[in-house]
Amino acid sequence: MIEDLFPLLLTRYNYYMAVIIMMIGLYAMIAKSNLVKKIIGLNIFQTAIFLFYISIADVRGGTAPILIEGSNALYVNPVPHVLILTAIVVSVSTTAVALSLVIRIHREYRTVEEEDLMRMEGGSG
Amino acid sequence: MREDVVIRTVCRAMIPFIQLFALYVILHGSSSAGGGFQGGVIFASAFILYVIAFGIMEVRRRMHEKVVVALSSLGLYIYAGIGILCILFGAGFLGYSAIPLPVSAAETRGLMMEFVEIGIGLTVMAVMTSIFMDISVKEGGED
Amino acid sequence: MEPLESPVPFIAILVPFCAAALILLSYRRRRLIEAYSLLASILTFALVLILLPRVMEGSEVTWSVLKLLPGANLGLHVDAFGLIFALTSSSLWIVSSLYSIGYMNAHDGHNLARFYAAFAIAIASALAVAMAANLFTLFIFYEILTISTYPLVVHEGTEEAMRAGRKYLAYLLTAGVFLLLSLLFTQHLAGGNEFTSGGILAGHATDFIVRILFLTFLIGFAKAAWMPLHSWLPTAMVAPTPVSALLHAVAVVKAGAFGMMRVICYIFGLELASAAGLNMALILIASVTILVSSFFALAQDNLKRRLAYSTIGQLSYILLGVALLTPQGIAGALLHIPFHAYMKITLFFTAGCILVSTGLENISEMKGIGRRMPLTMGAFTLGAIGVCGFPPLCGFFSKLLLAEGSVEAGAIPVLLVLLSSSVLNAAYFFPIIRTAFLDDPAEELRGRKEAPVLVLIPSLATALLSLLMGLYPAFPFLELATMAVRALAGGP
Amino acid sequence: MMEHLPVLVVIIPLIGAYTSLVGGWVDRRYAFPIAFINILTQFTAALLLTVRVMQEGVVRYNLGDWLPPWGIEYVVDRLNIYVLLILLFLSLLCCAYSKRSIGMEIEERKHTGFYTIFLLLVAGVTGITVTGDIFNLYVFLEISSLAAYTLVSSGRGGKGLVAGFNYLVMGSVSACFILLGIGHLYMLTGTLNMADLARVLPPLYTSTTLHTAFVFFIVGLSIKTALFPLHLWLPDAYTHAPSTVSALLSTVVSKMGVYATIRILFSVFTVEFVVGYFPVMEFLSWLAAIAIIAGSLLAIAQRDLKRMLAYSSVGQMGYILLGVGMVNQLAMTGGILHMLNHAVMKGCLFMVAGAFIFRTGFRRIDDLKGMGKRMPWTSAALVIGALSMIGIPPTVGFMSKWYLALGAIEAGQWVFLAVILASSLLSAVYFWRLLEYVYFREGEGGVEGGTGDVPLPMLIPMLVLAAACLLFGIFVSIPLSLIDPVAESLLGGV
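Chains as they are written, first to last, in numbering that gives the first Met the number 0: chain A, 0 to 124; chain B, 0 to 142; chain C, 0 to 491; chain D, 0 to 493.
These are calculated hints, taken from the structure and not from any lab test.
Keep in mind that this is a model prediction, so the values were computed, not measured.
Please note that a few of the clues may not be correct.
Each computed EDC-like pair below joins lysine to aspartate or glutamate, with the alpha-carbon atoms no more than 16 Å apart [said to hold, decoys possible]: (1) Lys-158/D with Glu-120/A; (2) Lys-158/D with Glu-114/A; (3) Lys-158/D with Asp-3/A; (4) Lys-368/D with Glu-158/C; (5) Lys-166/C with Glu-435/D; (6) Lys-158/D with Glu-113/A; (7) Lys-66/C with Glu-193/C; (8) Lys-109/D with Glu-64/B; (9) Lys-158/D with Asp-115/A.
Below, a sample of chain D positions facing chain A; criterion: calculated Cβ distance under 8 Å [said to hold, decoys possible]: (10) Arg-51; (11) Val-138; (12) Tyr-148; (13) Thr-149; (14) Ser-152; (15) Phe-164; (16) Leu-167; (17) Met-186; (18) Gly-275; (19) Phe-277; (20) Pro-278; (21) Val-279; (22) Glu-281.
Glycine is no exception: its CB is placed at the ideal position from the N, C-alpha and C atoms.
Whole structure, please, built from the sequences with the hints as guidance.
Structure representation (structure tokens):
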């Protein structure tokens with residue numbers, strides 16, 4: 000049982016890494032009071048997913064998926080890359096929107112600390 | 000903004016290359032890794048670098064906000080226009096090969112794809128720039 | 000005879016709805032509103048009256064309005080059973096709208112458009128309940144009735160009225176939910192909900208389920224104000240008098256009692272009801288309500304509240320009658336719907352007359368009022384002795400039939416309940432009459448005259464009608480009731 | 000052009016978004032008419048598409064002439080077109096409503112941007128409804144969500160900003176979960192086409208990876224639909240957004256989450272899986288039942304009108320999911336029917352709330368005394384909306400209640416039956432309180448500028464929706480004719 004676990008842990012490390020990075024991002028989103036740090040956490044979270052996608056696209060010994068005449072090379076799967084490219088665009092847009100929101104919040108309240116914001120909102124109504 | 004000769008000079012030297020590279024990435028979207036999204040972002044980063052080095056007012060003088068709006072719309076119109084053109088020629092949306100050009104179907108496909116990539120690149124560039132300018136202008140305006 | 004397809008019942012229901020819309024649109028013009036209300040009431044009554052000869056001939060009138068949901072049609076079906084209630088409500092609408100006009104003129108009426116519109120919708124819903132072809136239609140209009148009477152209850156807008164309104168809604172909306180539950184189960188068990196002579200549930204459910212269903216139906220028809228679900232009714236007395244009259248004599252409470260009758264006769268079916276022992280439970284509840292409410296009535300000093308408790312008792316007569324499951328009992332129950340309506344509306348109208356001309360609400364302050372307002376109190380006296388069940392007023396006949404029914408069913412305790420209730424009724428009504436006519440008038444009443452003509456005439460009219468129907472009970476209600484019972488007892 | 004309708008409905012608002020941007024650049028006043036005409040065109044296209052769907056059953060369209068498992072396929076069946084019509088109808092009305100209502104709530108220089116984002120949102124939700132590709136669904140989901148975040152925070156004042164930020168964080172996390180789910184599915188099957196997935200998946204039903212993917216989907220979609228314990232972003236977002244955006248969120252944006260849930264549960268994973276292999280429906284229905292009760296109770300506790308409506312939306316989402324979760328024909332019909340019903344009622348109510356704010360600036364229920372006289376038409380719409388929410392026949396609210404309750408009886412779920420019936424009483428509590436204030440209490444009078452109804456562009460959409468509450472109730476057979484086959488086909492003969 001336990002001896003099966005080690006190879007499992009070792010060979011599937013990409014999953015664990017993705018999960019660990021994801022958790023780091025999630026931690027930042029939950030625990031940090033600074034809104035910018037929350038966005039950074041969100042980005043880390045998203046990055047973990049990108050890495051996960053990229054890692055599943057990998058084919059051992061595969062090369063870049065560019066068709067070469069006559070070659071019988073093993074390609075890595077290109078589709079996840081394309082998908083992730085789109086996902087990255089989405090993530091960038093999200094970050095942009097989030098940052099612009101933070102800037103406007105800062106202009107409105109003069110703070111980007113969530114605790115201060117909650118105190119202010121509680122005070123004003 | 001404080002004058003800094005080194006930064007300005009380096010930027011002045013870098014920006015054309017960045018833009019050139021962006022164009023390269025955009026135009027090779029159909030046949031290799033790259034495309035409108037990536038190229039557009041790179042192009043926008045050139046503007047952003049320019050803003051950082053020369054200040055926002057300079058950029059706004061050279062590239063008015065309305066130009067950005069026009070460019071982003073133009074990009075989308077190119078994309079949608081080609082799509083609808085394909086429909087008009089009886090294929091599906093973005094069914095490029097239906098467009099009757101005096102070249103082979105594969106080449107038509109590639110050519111049209113380039114146009115679409117250019118459109119996407121324009122839009123992405125304009126939107127990225129406008130987001131950045133939006134954020135920095137208003138902050139500057141009030142401070 | 001083949002049922003007759005005719006849109007008349009539908010139009011009869013549509014008229015008040017249209018009137019309500021017109022009233023709301025011309026909310027600034029008081030006279031116009033009143034005219035609409037009166038016209039609509041007359042028109043509606045005329046339309047219902049058109050149906051009378053058809054039904055008397057033994058034919059039934061149907062009209063399928065709309066297929067609303069699969070298995071749930073909005074349809075109307077007028078038979079003798081329903082026509083009794085329809086005639087009652089539509090005829091009494093005329094007098095109540097006359098009365099409302101007088102009453103609202105005498106009081107400083109406000110929000111009249113809302114008042115008359117809600118009134119019209121309530122009557123329309125009551126009519127639709129009477130003419131519903133299936134439980135679904137009945138349920139829909141039962142709910143609309145609840146909603147439309149709410150603005151009437153809280154019409155005064157005082158804090159007390161709001162509280163009463165909330166209580167009213169709390170009871171009746173909850174009841175509505177239970178009715179919906181029962182409807183859903185009926186639909187689920189029997190695969191339909193059309194009212195069918197002989198019931199549709201037989202063979203579809205075990206006795207246990209039937210009993211549970213009966214209980215939910217009973218809660219659903221809390222509008223019949225059986226105890227212990229009665230307390231919304233006295234509370235709702237804060238409403239203006241025409242509304243109290245409407246609530247207690249015509250639309251709301253009768254819709255509850257009528258609905259219960261419909262369900263027992265046409266959903267459960269008499270055989271199933273007696274086989275599952277439903278009648279015993281209902282007899283028990285009704286008897287308790289009759290007796291207890293009479294005692295409660297004795298304790299009230301506020302005239303309208305005393306009348307309210309009296310209504311609670313009288314409604315249970317209807318439930319009791321149908322619980323006997325004998326032809327005479329059901330006929331008595333059916334007859335009690337119009338007869339009690341006419342008598343009780345007289346009583347409420349006169350209570351309103353007293354309120355309008357003297358501002359008095361409590362019985363203890365009404366010493367000698369009969370000498371100042373002889374016509375009003377005369378009408379009151381007629382209504383009161385009618386409710387007690389003395390001939391020659393119409394109340395006598397319905398009670399007689401009920402008594403016959405209980406003998407027929409061999410339920411002697413029921414007979415005792417009926418008799419003792421009559422005594423109790425007399426006990427809470429006669430002191431009022433005595434104090435009104437025999438005591439010396441109090442100082443404050445000096446110089447008070449009869450109530451305004453517009454409120455007086457409806458009161459006298461209904462009093463006379465109750466007398467007339469007592470003298471000639473056969474037409475049309477007794478006839479209709481007999482026909483309904485004949486149809487139920489396995490007629491064609 | 001008829002054959003290209005599936006893609007045209009997505010392209011039209013996309014073009015419109017930038018046209019209104021350019022139009023607004025020329026003159027600010029052009030932005031609204033462009034946007035409105037655009038959505039109108041799109042709605043017309045959707046109606047034409049409906050005709051086709053009714054004739055052909057399913058309309059398929061391949062983007063860029065790539066064949067299905069590889070290219071992106073647009074699939075329009077009855078469920079799609081039903082949802083699409085709801086969304087576009089509501090978007091159209093919200094757009095009309097926004098003409099005047101954003102005047103006070105959004106700075107004037109942002110109006111052009113508002114309509115651009117509005118149209119992008121419409122493009123996003125349209126895309127979600129027509130796509131047959133699961134990754135494409137994710138992209139459209141994100142486009143519309145991003146637009147929604149921006150719209151929420153587009154008003155004046157800081158509360159909307161914070162609400163928008165929280166919405167963004169929650170929404171992005173949910174999108175990440177969905178993306179992970181898609182990744183797992185792709186890893187397992189190598190396809191992203193929904194129909195293809197449904198075909199390939201059955202032999203893999205016992206696979207742990209598939210179960211993981213499914214859990215990711217459920218969590219992600221639950222956040223998007225604001226299913227009860229994950230609803231925390233919703234009240235603030237609905238409350239502090241500009242009124243027209245609140246109406247849009249509660250009707251359009253929430254529906255797209257529900258639609259995505261139904262699609263993924265039933266068209267990708269199929270009934271067999273969600274009932275037999277990974278019995279999640281039971282769990283979802285219980286959550287939905289809790290959501291109904293909790294949403295109603297929380298709504299009762301609110302003093303702010305929009306916040307009350309927001310919590311009531313939490314409960315109403317529960318209604319839809321409960322209907323879906325009971326997995327039988329009747330309940331499913333009820334749940335899907337409630338998508339339309341909730342959209343018209345809640346749209347109407349949020350517009351009414353916006354009208355009150357527009358005229359008087361009051362948000363608290365206590366301040367709305369005597370509005371019945373001062374704003375008669377607005378209040379009339381409120382009455383109809385409120386009665387509909389309570390479920391008084393013959394309004395639309397009753398029809399969904401009827402189906403859901405029958406479904407619960409059919410499933411033998413007595414608790415759910417009790418929940419459905421009790422919740423209508425609970426909503427009676429909070430809506431009746433509102434009606435009492437509006438109609439039966441006299442206002443203190445003399446509120447400046449507080450008399451008369453709102454301008455026609457705001458009033459008409461409101462009244463249209465109020466009328467829809469009644470008409471779709473009385474003529475419920477019209478939506479039912481679309482839904483009935485849907486429920487049947489989703490359940491696939493179970």
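Results of checking the hints against the structure:
no. : hint                     : in the structure
1   : Lys-158/D with Glu-120/A : holds (7 Å)
2   : Lys-158/D with Glu-114/A : holds (14 Å)
3   : Lys-158/D with Asp-3/A   : violated (54 Å)
4   : Lys-368/D with Glu-158/C : holds (14 Å)
5   : Lys-166/C with Glu-435/D : holds (13 Å)
6   : Lys-158/D with Glu-113/A : holds (12 Å)
7   : Lys-66/C with Glu-193/C  : holds (13 Å)
8   : Lys-109/D with Glu-64/B  : holds (14 Å)
9   : Lys-158/D with Asp-115/A : holds (13 Å)
10  : Arg-51                   : violated (30 Å)
11  : Val-138                  : holds (6 Å)
12  : Tyr-148                  : holds (6 Å)
13  : Thr-149                  : holds (6 Å)
14  : Ser-152                  : holds (6 Å)
15  : Phe-164                  : holds (5 Å)
16  : Leu-167                  : holds (5 Å)
17  : Met-186                  : holds (5 Å)
18  : Gly-275                  : violated (27 Å)
19  : Phe-277                  : violated (20 Å)
20  : Pro-278                  : violated (26 Å)
21  : Val-279                  : violated (22 Å)
22  : Glu-281                  : violated (28 Å)
The structure does not agree with the numbered hints 3, 10, 18, 19, 20, 21, 22 stated previously, though it agrees with the rest.
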